[in-house]
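Asks: Starting from the known structure of chain A, arrange chain B on it as the hints suggest.
One letter stands for each residue in the lines below.
Protein chains: 2
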Amino acid sequence: MLQPVLPDVQLTPTLEDARRASIDLASAPTALKNAALGAIADRLRGSVDTILTANRADLAAGEKNGLTVGLLDRLALDEARVAALADAVMQIALLTDPVGEVVRGSTMPNAIKLSQVRVPFGVIGVIYEARPNVTVDLAALALKSGNAVVLRGGSAAENTNRVLVALVQDAIESVGLPRAAVQTIDPFGRAGATELMKARGHVDVLIPRGSASLIRTVVTEANVPVIETGSGVVHIFLDESANEQWAIDIVHNSKVQRPSVCNALETLLVHRSAAARVLPGVLDKLTEAGVTIHADARVRALYPTAIAATDEDWSTEYMSLDVSVAIVDSLDEAITHIRQYSTGHTESIITNDLGNAERFLNEVDSASVVVNASTRFTDGAEFGFGAEVGISTQKLHARGPMGLPELTSTKWILRGSGQVRA
Amino acid sequence: MLQPVLPDVQLTPTLEDARRASIDLASAPTALKNAALGAIADRLRGSVDTILTANRADLAAGEKNGLTVGLLDRLALDEARVAALADAVMQIALLTDPVGEVVRGSTMPNAIKLSQVRVPFGVIGVIYEARPNVTVDLAALALKSGNAVVLRGGSAAENTNRVLVALVQDAIESVGLPRAAVQTIDPFGRAGATELMKARGHVDVLIPRGSASLIRTVVTEANVPVIETGSGVVHIFLDESANEQWAIDIVHNSKVQRPSVCNALETLLVHRSAAARVLPGVLDKLTEAGVTIHADARVRALYPTAIAATDEDWSTEYMSLDVSVAIVDSLDEAITHIRQYSTGHTESIITNDLGNAERFLNEVDSASVVVNASTRFTDGAEFGFGAEVGISTQKLHARGPMGLPELTSTKWILRGSGQVRA
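Chain order of the listed sequences is A and B. Per the numbering used here, the first sequence starts with residue 805, numbered consecutively. Per the numbering used here, the second sequence starts with residue 805, numbered consecutively.
Extracted from the complex, chain A is given alone in its bound form (with noise of 0.2 angstroms):
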């Protein structure tokens, strides 16, 4: 990589202190990162009550700030929550460590013997929002993966932040790991967050939790390499031999389970064949529950009391109760849609064609790609990950849920014994 660029900048002490603690880290055992682990969990359920102060403080500047209801609800920390946290914790000290695994392997023909490993990263930035669980949650992942991390969360999570990280801190330390494997950077305000995106040679990559401008703040002003997450308007495809019940079961599901999530649908297009037969049935479950059909013409001249959809609609990632809806005719608009208008994270298709099914699978350019089932399957735990650092849905080093392993790089080991090059 090209030598670091960082002039004497505010952040210099922070991210030489992660460099310096993930080379400890990239040697330290297994064993002795999951004591690290099952000490923040200690630490987690025996301070509850400082957890639930800090909080408090912020939920109080929260509402004094205008936050909105779903930002408090993120923001909010119980004992049920502490309490889910450590367990969160404890299942990543119980995931296998990737550090070491060796992926390929050779013996050239010159005896010298060739491997590759997995190594961490070195040192990860994380810029998200405020979510005090992506604090313990990103520290024990990059603990587990032999990386240090340097958190810049929500300046509406500050006091919760601060308190977790100081906590994660001391148990690191209690076995004899170094406290700068994990760092908040929150003191240093925006500001530090600009630096640490332009923070080239100290930081080996940088992945942005939380909403779609955030993430296009990061990925435009950022200079280190990025993983971008998350952001996601899904699609479902309801092609002409759709089979009416998976296809009513599958969009509910899809809409309706847990609207708030990036694999949730949020846009439905029928073929035009099959919309009369198993749009109403569809449009009438999700009216049920409470959505809101954003249509275009056709569709509202099936469904009346579906609301008009503006050029808007098409592209928007609602996260909340609304869906939108347009009859298209053929697979290949219903492929020329998606691929104008999705994120690239999860598209499904509802057919009986095995050639449709084929051709959505090959030419939907996405994540994660579906055939009769829900898009809510697009998930870490789900794909048996165990647990999930964030949805990629750029297509470089990692792309779709991302557990453990892509949190680390490789390393080109050879073992000669005086070989030279011919």
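Careful, some of the hints might be misleading.
Unchecked claim - Which chain B residues face chain A? A few, computed with CB under 8 angstroms, are given here: (1) Ala830; (2) Ser831; (3) Thr834; (4) Ala835; (5) Asn1027; (6) Trp1050; (7) Ala1171; (8) Phe1189; (9) Gly1190; (10) Lys1199; (11) Lys1215; (12) Ser1221; (13) Arg1225.
As the list claims (entries may be wrong) - Non-contacting residues of chain B with respect to chain A, defined by C-beta distances greater than 12 angstroms in every case (computed): (14) Ala865; (15) Thr872; (16) Val1055; (17) Thr1114.
Calculated from the structure, these hints are not laboratory results. Positions of the beta carbon are idealized from the N, C-alpha and C atoms, including for glycine.
Replies: Only chain B this time, still in chain A's reference frame:
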């Protein structure tokens, strides 16, 4: 990924053509892609005169514009070099097609069949300098891996590249694949290169190939995902127990065999306890080969004909018959020096101490770490990849020599039968 944000600029039609071509390429059978490669090789062999005429025009302009001898040599083609280009294309036809490889898979507890499948990136951008071989190599590698490619070569090779790209396009079209699979944006000049770097959503990955300054520009300017390649401030450390003959042979081979490439040695570090024993022999052999020794004071005390190293020498990629040499007090000091000055490409230790070898392998944070062998082995062909896209010195996605699989992403495919999430 974020939706395209490119305003209406001059590259838009080119990039949209590339995207459309990429859809055809993604599902093109291996046999068809190989037929295109065969057609490219045939046309290269059949168009030597046209290619050399264009190349002579570039060479004449280059001489007029004062290009260095080294750059003119990289730019120059002759009959043998064109034949070698055609051979290289046929070698790529012989490689295994990475597209469609199932990387992992499982059956979920609810019976959904889950698989992670290798898919092309889509549209690859390449920004490089006046090396016509890169035009043909990257077009062939992109084609074989199912990607469309948009090339921005150096203006010094403009005539040669125009002829080569037209010939490649004719060949691709002759087998029924879209011409726009391979395009050049050289006619758009520097403004085109700048747009390419900012074309988020249109370019899935951008690969800069060339000088450190070119790479730095791309890495800092781009907001599309970049794979950083090439720059190598490569170190060898002669440990206390280094075998003298291995030290002499490996240092000589690493520096002299091909000094202009990124895996050639630039800095030699020597343990103080080994210096008197091994350094004179090592430096004599380098001096005989015409290498200029830039040394610190302790080395010069032992080897007075060396010239004094400046602070700049330690971070210089000479790519010439120059080497910087320093004595260090310990393995720790060697690792610290390497961590400070290395570009993370390749480092080698010469030692008989098993513990020191393991520490070096673990603690040196480079793409390729070598024990008792030449640094020149960090190479796609040596690793058995058959062809090399470049050598990545970043940690995201690909690290070290990149073969065809490194030009692909993956996609998760879920095949269900009505499943919804509980």
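Asks: For every hint, state whether the structure bears it out.
Replies: Against the structure, the hints come out as follows:
Of the supplied interface hints, the one on Ala830 of chain B holds, with its beta-carbon coming within about 7 angstroms of a beta-carbon of chain A, less than 8 angstroms. With 8 angstroms as the threshold, the beta carbon of Ser831 of chain B comes within range of chain A, its nearest partner Cβ sitting at about 5 angstroms, so the hint holds. Nearest Cβ of chain A to the Cβ of Thr834 of chain B: about 15 angstroms, over the 8 angstroms cut. The hint is violated. The interface hint given for Ala835 of chain B is violated, since its Cβ lies 17 angstroms from the closest Cβ of chain A, which is over the 8 angstroms cut-off.
Residue-level restraint check for Asn1027 of chain B holds (minimum Cβ-Cβ distance to chain A is 5 angstroms; threshold 8 angstroms). For Trp1050 of chain B, the suggested interface contact is upheld, since its CB lies about 4 angstroms from the closest CB of chain A, less than 8 angstroms. About 6 angstroms separates the beta-carbon of Ala1171 of chain B from the nearest beta-carbon of chain A, less than 8 angstroms, and the hint is met. Among the interface hints, the one on Phe1189 of chain B is violated; its C-beta lies about 11 angstroms from the nearest C-beta in chain A, farther than the 8 angstroms criterion.
The restraint placing Gly1190 of chain B at the interface with chain A is violated, with a minimum CB-CB distance near 13 angstroms, outside the 8 angstroms limit. Hint on Lys1199 of chain B holds. Least Cβ distance to chain A is approximately 4 angstroms, under the 8 angstroms limit. For Lys1215 of chain B, the suggested interface contact is upheld, since its CB lies about 6 angstroms from the closest CB of chain A, less than 8 angstroms. Taking 8 angstroms as the C-beta cut-off, the interface hint given for Ser1221 of chain B holds, the closest approach to chain A being about 6 angstroms.
A least Cβ separation of about 4 angstroms between Arg1225 of chain B and chain A falls short of the 8 angstroms threshold, and the interface hint therefore holds. With a least CB separation of 31 angstroms from chain A, Ala865 of chain B remains clear of the 12 angstroms interface cut-off, as annotated. Distance check on Thr872 of chain B: its Cβ is at least 23 angstroms (rounded) from any Cβ of chain A, clearing the 12 angstroms threshold; non-interface status holds. Against chain A, the non-interface label of Val1055 of chain B is violated: not every CB pair exceeds 12 angstroms, the least being about 10 angstroms.
No beta-carbon of chain A is positioned within 12 angstroms of the beta-carbon of Thr1114 of chain B; the least distance is around 16 angstroms.
In summary, the structure is inconsistent with hints 3, 4, 8, 9, 16 from the numbered list given earlier, while agreeing with the others.
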